[in-house]
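A.B. asks: Sequence:
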Amino acid sequence: MACTADARLRHTGPPSKIFPRFSYMLRTLAFSLTVLAGTSVLANTACPQHFAAGQRPVVTNPKMQPRTQELCFKAFAVLHSGLSRTPLYAAEHLTRQNMKNAAKLSRKDSFHAEDALPEGDRAELSDYERSGYDRGHLQYPVKNILIS
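Take 17 as the starting number for the sequence shown in this note's numbering and just add one per residue.
These are calculated hints, taken from the structure and not from any lab test. Yeah, the Cβ is synthetic: ideal placement off N, Cα and C, and Gly gets one too. Any given hint could turn out to be false.
Now the in silico label distances, taken between C-beta atoms and shown as ranges [claimed, not checked]: (1) A68 - R146: 37 to 43 Å; (2) N60 - A132: 18 to 24 Å; (3) K90 - R151: 20 to 26 Å; (4) A69 - L99: 39 to 45 Å; (5) H109 - S142: 31 to 37 Å; (6) S142 - N114: 32 to 38 Å; (7) N117 - A62: 22 to 28 Å; (8) A132 - A69: 21 to 27 Å; (9) L141 - P64: 20 to 26 Å.
EDC-like cross-link-like pairs, simulated, lysine to aspartate or glutamate; straight-line CA separation at most 20 Å [stated by the list, open to error]: (10) K124 - E108; (11) K120 - E108; (12) K90 - D150; (13) K90 - E130; (14) K124 - E140; (15) K124 - D150; (16) K79 - D137; (17) K124 - E145.
Kindly generate the complete structure, drawing on both the sequences and the hints.
C.D. replies: Spelled out as structure tokens, the structure:
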């Protein structure tokens, strides 16, 4: 039996319907690249211990620069956007000992609005209701550090 053009497989719908996970990953990658493309220059920081060479990235995308605020904590630093009410990045200095100590920790799911941020710029618990998102973990690797 000869193969004809009519016997070829045809794509009958948008990629997001056929490959939902792949479509989600592409959108996430595109967003991440947009943010990272705007953070390529280095700047001074109030908490250099958390950054490579003691310098933090600078947001070079002018649309993302207004209402940013650096937050320094004992174990990590965050550059927070009042526009999106989310962190643009979180940074911490990981050591082998920190990782060993973290293996002994259990995660605590307690959310609080960050008091160091102006009320209009910070996320509140109500922002996460029925969203499907985990609530407010500014520091992505939350289990990495044991602070005594």
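A.B. asks: Now look at each hint and say whether the structure bears it out.
C.D. replies: Status of the hints after comparison with the structure:
1. A68 - R146: 37 to 43 Å: Since the Cβ atoms of A68 and R146 sit about 39 Å apart, the hinted range of 37 to 43 Å holds.
2. N60 - A132: 18 to 24 Å: Cβ of N60 to Cβ of A132: about 19 Å, so the range 18 to 24 Å holds.
3. K90 - R151: 20 to 26 Å: Since the Cβ atoms of K90 and R151 sit about 22 Å apart, the hinted range of 20 to 26 Å holds.
4. A69 - L99: 39 to 45 Å: Violated: the Cβ-Cβ distance is about 28 Å, outside 39 to 45 Å.
5. H109 - S142: 31 to 37 Å: holds, 33 Å
6. S142 - N114: 32 to 38 Å: Since the Cβ atoms of S142 and N114 sit about 33 Å apart, the hinted range of 32 to 38 Å holds.
7. N117 - A62: 22 to 28 Å: holds, 25 Å
8. A132 - A69: 21 to 27 Å: holds, 25 Å
9. L141 - P64: 20 to 26 Å: violated, 32 Å
10. K124 - E108: Holds, at roughly 19 Å.
11. K120 - E108: Between K120 and E108 the Cα gap is close to 19 Å, so the pair holds against 20 Å.
12. K90 - D150: violated, 23 Å
13. K90 - E130: Given that 20 Å is the threshold and the Cα spacing comes to 15 Å, the pair holds.
14. K124 - E140: Status holds; Cα separation ~18 Å.
15. K124 - D150: holds, 12 Å
16. K79 - D137: Within the cut-off at roughly 16 Å; holds.
17. K124 - E145: Holds. K124 to E145 sits at ~19 Å (cutoff 20 Å).
Checked against the numbered hints above, the structure violates hints 4, 9 and 12; every other hint is satisfied.
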